[in-house]
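Chemist: Next come the chains, spelled out residue by residue.
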Amino acid sequence: MVRTMPKGKKTALKAMRKPAAFGPDLNLAGFRRKARPWPACPISALPKEVTQKALEAGVKADEKGRAGMYFQVDYSVVLQTIRKTFEGKVDVMSTPEALEKYGWVKDYWWKIVDVSTDKYTALAELKWDKGVFIRVRKGQKVTLPLQACFFISKDGLNQNVHNLIVAEPHSEVQLITGCTTHRGVQSGLHVGVSEFYVGEGAKLTFTMVHNWAPNFDARPRAAALLEKDATFVSNYVCLRPVKSLQMYPVAYCRGANSRVSFNTILYGAKNSYLDVGSKVVLQGKGSRGEVIARAIASDNAQINARGLLVGEHEDSRAHLECRGLLLSDEAAIHAIPELLGKVEGTELSHEAAVGKIAEEQIQYLMARGFSESEAESLIIRGFMDVGIFGLPDALRDEIKRMIETTVVRAL
Amino acid sequence: MAILTIKDLTVKIAGKRVLNGVNLEVPEGETHVLLGPNGSGKTSLIMSILGFPSCRIISGKIKFNGTDITTMPIDKRTKLGIGVAFQNPPPIRGVKMGDVLRHLAKGEVDEIKLAGTTNIPVDFFNRDLNLGFSGGELKRSEVLQVLAQRPSFAIFDEPDSGVDVENLEVIGKAINEFLKGRSGLLITHLGHILRYVKADVAHVMFYGTVACSGEPTRILNQIMKQGYKWCERCPKVRRLR
Ligand SMILES: Nc1ncnc2c1ncn2[C@@H]1O[C@H](COP(=O)(O)OP(=O)(O)O)[C@@H](O)[C@H]1O
Ligand SMILES: [Mg+2]
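Protein sequences appear in the order of chains R and D. Under my numbering, residues 1 to 411 are what the first sequence spells out, in order. Under my numbering, residues 1001 to 1241 are what the second sequence spells out, in order.
Because the hints were derived from the structure by calculation, they are not lab data. Hints are all accurate, no fakes.
DSBU-like, lysine-lysine: derived pairs with alpha carbons at most 35 Å apart:
hint	chain 1	residue 1	chain 2	residue 2
1	R	Lys111	R	Lys10
2	R	Lys356	D	Lys1096
3	R	Lys356	D	Lys1076
Assemble the whole structure, with the sequences as input and the hints as a guide.
Modeler: Here is the structure:
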């Protein structure tokens, strides 16, 4: 008897040797695939060194102020909870569980991220280590953020998660995801496939914070599909050193008047290699996109800040703004904005600027009584001004605090 | 005693000699006016007084309240009591005007009230410093910052250039009020601001040096009537050429 393999697996196998379009090619055999299981437990029972690192990535250890939470350590789901008031309105569970529980979930699985994209998507199919499923039911406004944490506890480990987020029509939700490692972890590989479906009139705000280790590699692969009048806000924050990080999430604004904004804050320190971009594909009438990126490179860091706006509808508009700040002579920032207009009438624009802190700005502030280092911090804090992102207050303050403790303090 | 004394100051910027043996003395409690055609070195002199590193001092001395400040860093000079309203302040993205004002005011003066006297709306406090400010707003914001800083010696570099009549009056009155009981140096190209600000002595700069000094109204009237051509005919200026 010939056993047939599912189609996805076959495609994945073929893609296993396919390097990614960008970023250094990784030897997958160099990572470990064995970790001890972690028992389920309340968050309060997790070791302090786990919750502390999670907190630094924006994940709160008490459930106050959060509508629900998902916590995965290595390959184990440690916790998945939903606050009583939101029961029946929101689902939070692991993706394998969701695929089992709801027949329709497979219709969203590997639909907007192609499994054969590269060896990392292939890996996520062939060596799949769960992930979070969130579904907000029709018309439900989840007034508190949901949070998810992906934690790596073991040095050299490879973790491949596949997340699925479905915001049903006219729902509203905020999701905060923190990805981080135990402080003993030096190296490892995290692959995160995420598919976001934002239904008609729904609003999804997704914030992802990455706090990796100096010898760690990360390859997120994400896509979002927006229906009519849908809004998707994606915020990405990476302020800690990482060996290599490469991602280029895409949002398809398929529905009329759909809106996407990508906000990215990068701080590359030490020998970090960051290749991060955002793609917007404008397909619906009246669809709008906005991409804002701020990148700081210090020490020997190398940052490629990409952006691609594709206009496929004559009534569509998008803008990309990328600013890079160099804090050392050895660091480099390469801003690569691209515009692809496929029809007449689409309005695509970009502005990009990369440079060092202007001496005249420092001197001007010194003439206002700031010391040289105060002036520098003020300018860097200003450069990382998240006020322009239009975030909810609590989240804005949290990101500000992260910038304060990592970037400004590092000066 | 003189609050500011400049002796034989020669300065190069980007390899070019922009100041050529400047001598200037401002006694405590006086306001002096610095006139001169475009490019004569007025702004370069201010930047040298402040200690901008681009101004390379070739020779000469700058003394403030008896202290030699010739090689002092900018922020130290500021702390001694020098404040400047710049002619062309740089925009600084993300740095909020309100934060700078509060830093200058140190809680000792009410920056909101001061904003009122310079006609700066309070919502400007949340704006990025000098970013997208109109010409008049830039000038008013510079004056406001000096008012909040309260230096014992205030320098205003062309606060009247490119400013409409209403703004001129606001700025002029604010500066005049502020300078009462203080010392200052007021740079003006055409002297408009002197309608509102009382000055004790005027100096005219030419070719990077102070060519003549005298009674403000007399000098200004001549310049108003005949332009800087009047000065060019002056033997002192001709010798400088
Ligand atoms: N950064 C610079 N590089 C080269 N030349 C400069 C620079 N700054 C000023 N200068 C020159 O110095 C001279 C004096 O300029 P400035 O002090 O600004 O004159 P003013 O303020 O009287 O109009 C001008 O010839 C100007 O071009
Ligand atoms: Mg000038």
